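Protein chains in written order, with the working numbering: chain A, 398 to 582; chain B, 398 to 582.
If you're looking for bench data, these hints aren't it; they were derived computationally from the structure.
Just so it is clear, the structure is predicted and the values come from calculations on it, not from any experiment.
Check each hint, because a few of them may be wrong.
[To be verified] Beta-carbon label-pair distances, calculated as ranges:
1) A:Ser411 with B:Gln408: 41 to 51 Å
2) B:Leu459 with A:Gly509: 36 to 46 Å
3) A:Ile430 with B:Ser411: 46 to 56 Å
The C-beta atom is built at its ideal place from N, Cα and C for all residues, glycine as well.
Each chain, letter by letter, is given below.
Protein chains: 2
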Amino acid sequence: MKKVREVQSDQYLSSSELKSRIRDIPDFPVPGILYRDITPLLSDSRSFRSTIHCLANQFRDLPIDLIGAAEARGFLFAAPLAIELNVGLIPIRKPGKLPWKTLSYSYELEYGSNELHIHADAIPKGAKVLLLDDLLATGGTMEACAQLVEKAGGTVAACAFVIELCGLGGREKLKDYDVVSLLQY
Amino acid sequence: MKKVREVQSDQYLSSSELKSRIRDIPDFPVPGILYRDITPLLSDSRSFRSTIHCLANQFRDLPIDLIGAAEARGFLFAAPLAIELNVGLIPIRKPGKLPWKTLSYSYELEYGSNELHIHADAIPKGAKVLLLDDLLATGGTMEACAQLVEKAGGTVAACAFVIELCGLGGREKLKDYDVVSLLQY
């Protein structure tokens with residue numbers, strides 16, 4: 398008898414099937430923004446697992462030493478991807494969250510502004526860091542992460558996203574880096 | 398030739414080895430608190446992977462439908478554990494972060510107060526939810542998560558932690574639930 402949790406190789410879903418697990422929510426967090434809600438994708442094990450599998454396939458043969466991700470949604474994909482690729486994870490966090498000496502970077506968001514921190518000793522000199530976030534819009538958060546990785550002594554292997562909102566200038570802002578996304582809108 | 402990223406079964410670390418990857422930081426976030434910094438554990442792939450493996454071994458044979466976790470540090474362990482156990486993940490978040498209808502719960506923290514939300518439609522009726530967080534101190538955050546799971550129609554399969562700070566009343570606060578921790582201090 399098969400155990401419920403056993404994984405079949407044909408269990409992985411296609412991009413369009415994954416897209417069907419993203420819920421569109423108009424006017425969140427502010428009027429005029431169509432929010433792409435990833436929680437239905439996360440709560441469905443097959444979709445979540447397929448997402449991590451597809452991401453991993455993009456980077457399996459690249460030399461990557463670490464994965465970096467900004468809280469909080471970035472953690473949801475970066476942590477399993479780090480396990481899958483067998484590399485360590487570097488959390489990039491909001492002010493006051495990292496307990497050791499940090500480097501910081503301030504930037505403007507799509508709606509509001511933000512400041513991110515990385516532990517000053519997080520990255521061995523020259524380490525290749527894959528940066529991952531759930532969503533690419535204007536690219537501000539990812540650019541901040543890339544700046545922090547470089548400030549800390551690493552190099553950016555690539556910038557990866559589960560979702561890319563095309564036409565918001567994100568790729569242009571990240572033109573110095575390889576940009577990979579799984580689902581485009 | 399072995400690939401660097403290949404995983405050996407003897408690669409998993411013991412509890413005391415994992416503890417050596419937790420950094421003690423005095424007086425963070427406030428004077429008198431000894432903060433257990435998990436970032437060295439996360440950045441070392443062998444330690445991070447061993448942690449997820451040990452957690453998974455605790456729950457592999459339990460009937461679990463979903464894993465729930467509070468942002469942000471809870472996500473770091475809950476997301477790979479969900480992939481490892483092949484179940485979905487339910488993010489429990491701070492106010493204003495979840496875009497759909499939510500249920501909320503307010504509580505007092507070790508230092509300050511907090512309010513957490515869960516999507517009202519996140520949990521199918523009667524689903525068994527394993528709750529996971531990085532650290533058990535007074536148990537306030539986990540109790541909030543458990544209340545939210547039950548409000549949303551689920552049952553709490555167990556409350557799991559990477560680190561337990563013993564003697565702060567966490568287990569007493571969570572006495573209605575099975576509590577499992579990997580590393581005790």
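Status of each hint after checking the structure:
no.	hint	result
1	A:Ser411 with B:Gln408: 41 to 51 Å	violated (33 Å)
2	B:Leu459 with A:Gly509: 36 to 46 Å	holds (41 Å)
3	A:Ile430 with B:Ser411: 46 to 56 Å	holds (48 Å)
When each numbered hint is compared with the structure, a violation occurs for hint 1 only.
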